[in-house]
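Asker: For reference, the chains in residue letters:
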Amino acid sequence: MKKWLSITLGIVTATGGFLDAGTIATAGESGAKFGLGLVWAVLVSTIAVVLLVEMIGRFTALSKKTYAEAIRENLGFRFYLFPLISEIIAESIMLAAELGGIAIALSLITGISWHIMFPIAAILVFVMAWRAPFDWIENAPALLGLLTLSFVVAVVALGGPSRQLLSTLWLPHVQQGDVADYLYLAAATLGATISPYLLYFYSSGAREENWSGKSLLLNIVTAVAGMGFGSLGSLALVFLGAIVLLPLHIQATTLGELGLVLAKPFGPVGALIFALTLFATCFGAALEVVLAVSYNIAQGFGWEWGENKKPVEAARFNLVIVLFLLIAVAIGLIGIDPLQLALLGSTVIALFLPISLWPFLILMNDSQYLGEKTNGRLANIAIICILVIAFVVAIVSIPLEILSGGG
Amino acid sequence: MPREKDDIFSIRDIIDSQLVTSDGRRIGRVADIEVEWRDDGSLVLTSLVIGPQALVRRTARPIAMIARFLLRNRFEHTIPISDVTQFGPTLQLRRAAADYDVGQADRWIARYILRWIPGSGY
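Just so you know, the protein sequences line up as chains A and B, in that order. So the mapping is simple: the working numbering equals the position in the first sequence, first residue as 1, plus 49. So the mapping is simple: the working numbering equals the position in the second sequence, first residue as 1, plus 571.
Any given hint might turn out to be false.
Listed below are the simulated SDA-like cross-link pairs for lysine to any residue, each with C-alpha atoms no more than 20 Å apart in a straight line [claimed, not checked]:
{"hint": "1", "chain 1": "A", "residue 1": "K359", "chain 2": "B", "residue 2": "R583"}
{"hint": "2", "chain 1": "A", "residue 1": "K113", "chain 2": "B", "residue 2": "I680"}
{"hint": "3", "chain 1": "A", "residue 1": "K313", "chain 2": "A", "residue 2": "A189"}
{"hint": "4", "chain 1": "A", "residue 1": "K359", "chain 2": "A", "residue 2": "V378"}
{"hint": "5", "chain 1": "A", "residue 1": "K359", "chain 2": "A", "residue 2": "I376"}
{"hint": "6", "chain 1": "A", "residue 1": "K358", "chain 2": "B", "residue 2": "G692"}
{"hint": "7", "chain 1": "A", "residue 1": "K313", "chain 2": "A", "residue 2": "S199"}
{"hint": "8", "chain 1": "A", "residue 1": "K113", "chain 2": "B", "residue 2": "S691"}
{"hint": "9", "chain 1": "A", "residue 1": "K263", "chain 2": "A", "residue 2": "V273"}
{"hint": "10", "chain 1": "A", "residue 1": "K358", "chain 2": "B", "residue 2": "R682"}
{"hint": "11", "chain 1": "A", "residue 1": "K359", "chain 2": "B", "residue 2": "Q675"}
{"hint": "12", "chain 1": "A", "residue 1": "K358", "chain 2": "A", "residue 2": "A189"}
{"hint": "13", "chain 1": "A", "residue 1": "K113", "chain 2": "B", "residue 2": "R682"}
{"hint": "14", "chain 1": "A", "residue 1": "K113", "chain 2": "A", "residue 2": "K313"}
{"hint": "15", "chain 1": "A", "residue 1": "K422", "chain 2": "A", "residue 2": "S199"}
{"hint": "16", "chain 1": "A", "residue 1": "K359", "chain 2": "B", "residue 2": "S691"}
{"hint": "17", "chain 1": "A", "residue 1": "K358", "chain 2": "B", "residue 2": "G595"}
{"hint": "18", "chain 1": "A", "residue 1": "K358", "chain 2": "B", "residue 2": "R629"}
{"hint": "19", "chain 1": "A", "residue 1": "K263", "chain 2": "A", "residue 2": "F278"}
Covered stretches of chain A, going by a simulated chain B footprint (3 or more residues, C-beta under 8 Å) [as the list claims (entries may be wrong)]:
{"hint": "20", "segment": "75-83"}
{"hint": "21", "segment": "120-128"}
{"hint": "22", "segment": "364-372"}
Chain A is nowhere near these chain B residues, computed Cβ spacing over 10 Å in every case [said to hold, decoys possible]:
{"hint": "23", "residue": "D610"}
{"hint": "24", "residue": "R666"}
{"hint": "25", "residue": "G690"}
The hints are simulated quantities; they were obtained by calculation from the structure and are not laboratory data. Just so it is clear, CB atoms sit at the ideal spot from N, CA and C, and this is done for glycine as well.
Can you build the whole structure from these sequences, using the hints too?
Answerer: Right, here's the structure in full:
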């Protein structure tokens, strides 16, 4: 019975955790600009994320080592620096975007400018990261995150996509001047969905919950069902963007504008639900991002870490949390709209994706850590495919961002 | 540690490994090692070196001088190899956390920075 409870909780967590400022931004814009023409990008990245999450979960459960720990121990400090530095750069921007998402949600609800809400968002995230035990961090935002299923309900309420729209699934409508834009959003979608911070966080969470060989089933179910259900929210948002925004030629350049997708079917209540959903998903994601980086640094340097300890019991780990939040607030104060920040962050993640993922190829085949449960040939081929995609995405992401003017 | 015959490890097994004390606290990672030539011609591992300067010396030699100028050996520590009770990706140490100089940074930060933030548990 208890096992089924934790499996359900795992699915709920993953469902709520899939959407964040990055995936909301890319999904909304994809639908608004290209109808269903980028659904394939969401599907491909979902499959990749399911595979990577299962692998790192299996790795940590069996070896009792997190991703960051294993990178340093197995590949040495010098090679560890590459994923570390790329994470710090990418996630600084991403955290600012997530905090911005929370701020926009709060401003939609209260009517106060999101610039003022930004520091408040940071404080809320800080309080949670500072004192809440890992259970709360994992479950509270996730339960709220189930609100993303309102996107699915909205698609149904609007009568689903028209025949003409459905045809863009396999034949995207891309005009001459929009090719760079299209490819840029594809790259950003991949970066937003296959976010390494998710892997660092998931791996550390597996240690916080003391996963072992007995947790392998829970891991598979969380990865497949959790990420799978989560992607429904993302797909639904693409559909909503296509059904609601595309006909109106609304480009969705701010997160607030995206609220229209729920306001259309549900009226003012819809706008409120959108704001709450935005708050829940960005809040959960902000926690995951700030913790992922702090976990990464503390684990890589061998410091004491953990959310179930008092802050003074893991001083350097908690200090990093504070500093990283301050950096994100500083970036946020520049005043760039959170949706643009989210797209930029996703692009930077896409740029560094190969660096963050290539250790998988080595670690998942190390029997010292995994015993008999090392990757089979199919799993290794999957990693190589993901790395090839990541590499292509990395090379084209910056040129495309420049060519398309940043979405 | 049982010693019927000498265990052979590669340097890779020791460098970058996590150090955990007898009371289960993580105090850091091995940055470098110290070895000694014995009279019988064997090269023996004598101690583990922990600290940012050792790390810089090993990974970024050119700026090692700058590191020494800035840090002045204040954060460098050595642990004799005899203190290790268990080898592997995690090195288990014989004594408790309070008995080692390593990891004092945690205590310093808790005392002088974190305590001012409410809820720190100080």
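Asker: Indicate, hint by hint, whether the structure satisfies it.
Answerer: Going down the list of hints, with the structure as the test:
1. K359(A) - R583(B): 33 Å, violated
2. K113(A) - I680(B): 28 Å, violated
3. K313(A) - A189(A): 29 Å, violated
4. K359(A) - V378(A): 24 Å, violated
5. K359(A) - I376(A): Not satisfied, since the Cα-Cα distance of roughly 23 Å exceeds 20 Å.
6. K358(A) - G692(B): Answer holds: K358(A) to G692(B) is near 9 Å, not above 20 Å.
7. K313(A) - S199(A): 13 Å, holds
8. K113(A) - S691(B): 28 Å, violated
9. K263(A) - V273(A): 17 Å, holds
10. K358(A) - R682(B): 16 Å, holds
11. K359(A) - Q675(B): 17 Å, holds
12. K358(A) - A189(A): 19 Å, holds
13. K113(A) - R682(B): 31 Å, violated
14. K113(A) - K313(A): 48 Å, violated
15. K422(A) - S199(A): Violated, because 39 Å separates the two Cα atoms, which is more than 20 Å.
16. K359(A) - S691(B): 6 Å, holds
17. K358(A) - G595(B): Distance of about 13 Å is within 20 Å: holds.
18. K358(A) - R629(B): 33 Å, violated
19. K263(A) - F278(A): 24 Å, violated
20. 75-83: violated (count 0)
21. 120-128: Check passed, 5 qualifying residues.
22. 364-372: Satisfied; 5 residues make the cut.
23. D610: 32 Å, holds
24. R666: 16 Å, holds
25. G690: 5 Å, violated
The earlier numbered hints that this structure contradicts are 1, 2, 3, 4, 5, 8, 13, 14, 15, 18, 19, 20 and 25.
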